[in-house]
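Participant: Chains H and Y, in that order, give the protein sequences.
Under my numbering, residues 1 to 215 are what the first sequence spells out, in order.
Under my numbering, residues 216 to 751 are what the second sequence spells out, in order.
It is worth saying that the hints were derived from the structure and are not from the lab.
Ideal Cβ positions, reconstructed from N, Cα and C, are used throughout, including at glycine.
Any given hint could be a false lead.
FRET-style restraints, in silico, Cβ to Cβ [said to hold, decoys possible]: (1) Leu34/H - Gly540/Y: 27 to 37 Å; (2) Arg324/Y - Phe206/H: 29 to 39 Å; (3) Lys494/Y - Val67/H: 25 to 35 Å; (4) Phe569/Y - Lys26/H: 17 to 27 Å.
If you want the footprint, here are the derived chain Y segments under chain H, 3+ residues with CB under 8 Å [claimed, not checked]: (5) 445-458; (6) 487-501.
As a plain string of letters, each chain reads:
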Amino acid sequence: MSNATTRPAFVQHHFADAEQQRESAKLGMWLFLLTEILLFGGLFVAYGIFRAWNPEMFFNAHKALDVNLGTINTIVLITSSLTMALSIHAMQLNNRRQTIMFLLMTLIFAGVFLVIKYFEYSHKIELGQLPGKFYTFTGIAGSNPHIFFSIYFAMTGLHGLHVIFGMFAISWVLRKTLKNEFSAEYYTPIEMVGLYWHLVDMIWIFLFPLLYLIG
Amino acid sequence: MNNLPEPNYLSEPKGLKSWLLTLDHKRIGLMYLFAIMFFFMVGGIFAVLLRLELLAPGKDFMEADTYNQFFTLHGAIMIFLFIIPSIPAALGNIILPLMLGAKDVAFPRLNLASWYVYVFGSLFAIFSIVTGGVDTGWTFYTPYSSSTGGSVISMTLGVFILGFSSIFTGLNFIVTIHKLRAPGLTWFKMPLFVWGLYATAIIQVLATPVLGITMVLLILERLVGIGIFDPAMGGDPVLYQHFFWFYSHPAVYIMILPGMGIISELISVFSHKKIFGYKAIAFSSLGIAFISFLVWGHHMFTSGQSELAAMMFSFLTFLVGIPSGIKVFNWIATMYRGSISLKAPMLYALSFLFLFTIGGLTGIFLGALSVDVHLHDTYFIVAHFHYVMMGGTVMAFLGGLHYWWPKIWGRMYSEKWAGISVALIFIGFNITFFTQFILGGQGMPRRYYNYLDQYQPLHAFSSVGSWILGLGFIVMAVYLIHAIFKGPLAGNNPWGALTLEWRTTSPPDPHNFDQTPEITHGMYDYDKVMIESTLK
């Protein structure tokens, strides 16, 4: 019987204690992040190879991207990572209201990122700066300019999907926070979503210079 | 009386819903087992039909296009739906937590999700079969795969989805092994099957995402023509091959490493002797996992990669022989002066040793550049691959299946019929595939529908072998299923093994153990345990 009283309700039956459960979740999440890096890894390799083959075209094509919008989006995402971290910090101090506020802010920043991305995309679609055989733009000198846009859309598109998935994950922990399921003792899901969100942010931090900045 | 111990995970809780929503690793493993055995049968039927068509040159009973689809489906189903999940997701799921003295895997919901993702992915594969088939081969090489007709998109989407199932299992196992071992079960006390699963899981987690992105790019290539793999648009089809084999070479170690883990268990248990070179076997699993990431280029010796790259890949490929050899010699040393009992699992382990050694050594032939240029894309490759995958992994899987069958069901199969079946399978296998080494050496190209008359006798011989092989599997299906219902009770530990899964009831309690088992001796300390029991 003593077991039943010392064992918190959030510990699943197959774990010995809360510590073991938390450590398992953390290790699992880091492994998952590793798979994400390798998923993007394939695209980074493709980027490197095609850049090496068509250096002039990449130089010319990167000017078609809007550095201002890219910079704003970078700032937006980094700020959202900050609010995400602050929401975890607030829960560690048992400050539920602040956690809710910071999670909402993170969601809003993620939305702003997508809206800006939408304007960037629609501008490119208008100009015909599209991947592969849909490429109709004529203003970029150099070999195979459509490849640049294939890679641009594949990388930012996959990243965009991750942002959308992250918004779902944040909404999920937000809902749990609203239902009062977390406390300073147990906030593992928020922490895990936070790790994921930082990874999404970090991938963008690599995408931004590679696509927008390198001349 | 002739009743199974109660409660056990098979009977409690009851109802279809309790199975479909179960979080119990044993039930999920069993559902995996049913699914993979179904696909093993489907893939096997394709194989027998292919061999039947090859009985004589020219058209026997199917069209050339049908033949192309059949060998693609045979390969894709056997690889993605059978071998990859066979040992880890089915047997590993059932046995791993028991071996660790744990109540379950670390993430039971993720485990169930992986089964549903697997089923979902396999539906795409079935959909592709029904709607026109795929004729690209299981490797989906561009530019053919981006230009041919048929259901390439749904098939590759299926492979993409199945990848997630594989990642989920691998991730779950790594965390389970790190965090859920019973108190006292240190890393170097773990059974070697666990080490095999651990090395496998690392590859699953690291390599599968790359296959995922490759399949996405291939689908985009077909859907919107992004041009990354299309030479006409400045893309590179060889890049596809690099991406594909960066996953798919490590993937063949996803298939063989858990099999090697099973063999380590079987040889020690049925020799009643402590495993020889425990650490060497454990580390060689990790060594194989590591080298597996550095050898993918040996699939591309004739694809136009640079000579320097080909030489390095050739050299690195030879390195795989070292950890594999370490394992084989340690197994033989374990048997030396052991008290060997030739039960069915041990017969499979011996078949493995014999066949895997042939498969491994012919792999060295193929790793040598000059020889490979001659043998590339011939039946020699087909024979080598089947000796490693079927002679290796499938033999180990069947050995494990027989070894743990009494634990899974609580009932024993017929040893006599098992002996007949293993003999049929061993003989049938060698007739089918050893012949193909000779065919390949003579220059018979793989995947060809038609062939010159001079190859006819050997082709016919190989086809006859496939019938013996098929018969062996039918016999096995009959006595294994019979054992589930009518077999004699097996008892907790029919083999006298020392790993933890034999300490609980057969079939196990829904919660595995009454209380967390205490580690009183090493998992292979047969000497110590036997002395203790005689002193009592």
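Participant: Each of the hints needs a verdict: does it hold here or not?
Facilitator: Hint by hint, here is what the structure shows:
Between Leu34/H and Gly540/Y, the C-beta spacing of about 31 Å keeps the proposed range 27 to 37 Å intact. For Arg324/Y paired with Phe206/H, a C-beta distance near 32 Å keeps the hint of 29 to 39 Å intact. At about 56 Å, the beta-carbon gap between Lys494/Y and Val67/H misses the expected band of 25 to 35 Å. Distance hint check: the CB atoms of Phe569/Y and Lys26/H are about 45 Å apart, inconsistent with the given range 17 to 27 Å.
Remark: the segment 445-458 of chain Y is confirmed as covered by chain H, as 7 of its residues place a Cβ nearer than 8 Å to a Cβ of that chain, reaching the required three. Coverage of a stretch by a chain is defined here by at least three residues with a beta carbon nearer than 8 Å to that chain's beta carbons; for the segment 487-501 of chain Y and chain H the count is 0, and the condition is violated.
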